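**Student:** Sequence:
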Amino acid sequence: MRVTETKVPGAYVIEPDQLHDDRGLFFESMRTDVMENVLGHTFEVHQINYSTSRRNTLRGIHSVTNPPGQAKYVSCVRGALRDFVVDLRVGSPTFGCYDSNLLDAESGRAVYVPEGVGHGFLTLAEDSCICYVLSSTYVPGTQIDINPLDPELALPWGFTEPPLISVKDRAAPSLSDCLSDGVLEHWPQLA
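Numbering (this note's numbering), first residue to last: 55 to 245.
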């Protein structure tokens with residue numbers, strides 16, 4: 055298992071070692087001991103969600119206020135998607151910056167999204183299924199939504215036709231609006 059930090063500090067791409075034989079393949083998708091060594095703290099699982107989407111579905115950019123905060127371990131268990139993490143932590147040296155990775159069932163590649171970092175994706179295949187392993191349970195009213203088409207972020211989604219997008223995501227505020235509203239987490243101050 056290889057773990058590499060993305061351009062967004064604290065966000066990681068996890069690439070499993072795969073064992074192939076005549077029956078198919080096997081790999082470890084997540085190991086809490088490996089994540090603890092990388093993160094310096096325990097990634098405690100409190101909820102697991104699945105999302106299934108048609109090709110060209112755009113979801114995000116989503117985060118959660120702190121408290122309660124929420125880290126995510128995201129993998130694609132069927133299909134493929136273009137995944138984005140966006141640094142939403144006020145005062146971070148990479149505030150507003152993003153990193154993008156291809157997640158697909160074949161590679162088993164996953165992304166760890168720390169608290170305060172936004173997440174979104176565009177599905178590249180029909181019937182794509184995404185698994186979210188979460189560090190906290192859903193708490194109504196704590197969701198932070200940023201419009202995934204916010205020109206200030208200018209995320210290179212790569213769609214060639216208008217994406218399928220929820221009314222909620224299409225109407226979500228911009229990064230600047232969320233910053234003005236004071237709902238974003240602050241980057242930890244270094245001692």
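A hint or two may mislead.
[Unchecked claim] Quick list of in silico lysine to any residue cross-link-like pairs, SDA-like style, CA-CA up to 25 Å:
1. Lys61 <-> Val187
2. Lys222 <-> Val92
3. Lys61 <-> Ser83
4. Lys222 <-> Arg163
5. Lys61 <-> Val92
6. Lys222 <-> Ser83
7. Lys222 <-> Arg108
8. Lys222 <-> Leu233
9. Lys61 <-> Ser154
10. Lys61 <-> Gly195
11. Lys222 <-> Asn103
12. Lys222 <-> Cys151
13. Lys222 <-> Tyr192
14. Lys222 <-> Ser190
15. Lys61 <-> Arg77
16. Lys61 <-> Leu93
17. Lys61 <-> Arg136
18. Lys61 <-> Arg163
19. Lys61 <-> Gly78
20. Lys222 <-> Pro194
21. Lys222 <-> Pro242
22. Lys222 <-> Asn91
23. Lys222 <-> Glu160
24. Lys61 <-> Pro194
25. Lys61 <-> Ala159
26. Lys61 <-> Asp75
27. Lys222 <-> Leu93
28. Lys61 <-> Trp241
29. Lys61 <-> Asp181
30. Lys61 <-> Phe80
31. Lys61 <-> Leu233
32. Lys222 <-> Tyr186
33. Lys222 <-> Met84
34. Lys222 <-> Thr119
35. Lys61 <-> Met84
36. Lys61 <-> Arg108
37. Lys222 <-> Arg136
38. Lys61 <-> Asp231
39. Lys61 <-> Leu79
Source of the hints: derived by calculation from the structure; they are not laboratory data. This structure is a prediction, so every number in the text was calculated from the model and none was measured.
**Student:** All hints are to be evaluated individually against the structure, with a verdict given for each.
**Tutor:** Now for the hints, and whether the structure bears them out:
1. Lys61 <-> Val187: Holds. Lys61 to Val187 sits at ~22 Å (cutoff 25 Å).
2. Lys222 <-> Val92: violated (35 Å)
3. Lys61 <-> Ser83: holds (22 Å)
4. Lys222 <-> Arg163: Violated - the C-alpha atoms of Arg163 and Lys222 are around 28 Å apart, more than 25 Å.
5. Lys61 <-> Val92: Between Lys61 and Val92 the Cα gap is close to 16 Å, so the pair holds against 25 Å.
6. Lys222 <-> Ser83: violated (31 Å)
7. Lys222 <-> Arg108: holds (17 Å)
8. Lys222 <-> Leu233: Judged against 25 Å, a Cα distance of about 19 Å means the pair holds.
9. Lys61 <-> Ser154: Given that 25 Å is the threshold and the Cα spacing comes to 9 Å, the pair holds.
10. Lys61 <-> Gly195: violated (29 Å)
11. Lys222 <-> Asn103: holds (19 Å)
12. Lys222 <-> Cys151: Answer holds: Lys222 to Cys151 is near 23 Å, not above 25 Å.
13. Lys222 <-> Tyr192: Distance of about 17 Å is within 25 Å: holds.
14. Lys222 <-> Ser190: Measuring from Cα to Cα gives roughly 22 Å; hence the hint holds.
15. Lys61 <-> Arg77: Judged against 25 Å, a Cα distance of about 37 Å means the pair is violated.
16. Lys61 <-> Leu93: Holds, at about 16 Å.
17. Lys61 <-> Arg136: Answer holds: Lys61 to Arg136 is near 16 Å, not above 25 Å.
18. Lys61 <-> Arg163: Judged against 25 Å, a Cα distance of about 17 Å means the pair holds.
19. Lys61 <-> Gly78: violated (33 Å)
20. Lys222 <-> Pro194: holds (15 Å)
21. Lys222 <-> Pro242: Cα-Cα ~30 Å, so violated.
22. Lys222 <-> Asn91: Distance ~37 Å between Lys222 and Asn91 Cα, so the pair is violated.
23. Lys222 <-> Glu160: Roughly 31 Å between the alpha carbons, so the hint for Lys222 and Glu160 is violated.
24. Lys61 <-> Pro194: Violated. Lys61 to Pro194 sits at ~30 Å, over the 25 Å cutoff.
25. Lys61 <-> Ala159: OK: Lys61 and Ala159 at ~23 Å, within 25 Å.
26. Lys61 <-> Asp75: Given pair Lys61, Asp75 is violated - Cα atoms ~35 Å apart, limit 25 Å.
27. Lys222 <-> Leu93: violated (32 Å)
28. Lys61 <-> Trp241: Within the cut-off at roughly 15 Å; holds.
29. Lys61 <-> Asp181: Violated - the C-alpha atoms of Asp181 and Lys61 are around 29 Å apart, more than 25 Å.
30. Lys61 <-> Phe80: violated (29 Å)
31. Lys61 <-> Leu233: Holds, because 21 Å separates the two Cα atoms, which is no more than 25 Å.
32. Lys222 <-> Tyr186: holds (20 Å)
33. Lys222 <-> Met84: Violated, because 31 Å separates the two Cα atoms, which is more than 25 Å.
34. Lys222 <-> Thr119: holds (17 Å)
35. Lys61 <-> Met84: Roughly 21 Å between the alpha carbons, so the hint for Lys61 and Met84 holds.
36. Lys61 <-> Arg108: Since the Cα atoms of Lys61 and Arg108 sit roughly 29 Å apart, the hinted pair is violated (cutoff 25 Å).
37. Lys222 <-> Arg136: Answer holds: Lys222 to Arg136 is near 20 Å, not above 25 Å.
38. Lys61 <-> Asp231: holds (24 Å)
39. Lys61 <-> Leu79: Given pair Lys61, Leu79 is violated - Cα atoms ~30 Å apart, limit 25 Å.
Hint violations for this structure: numbers 2, 4, 6, 10, 15, 19, 21, 22, 23, 24, 26, 27, 29, 30, 33, 36 and 39, all remaining hints satisfied.
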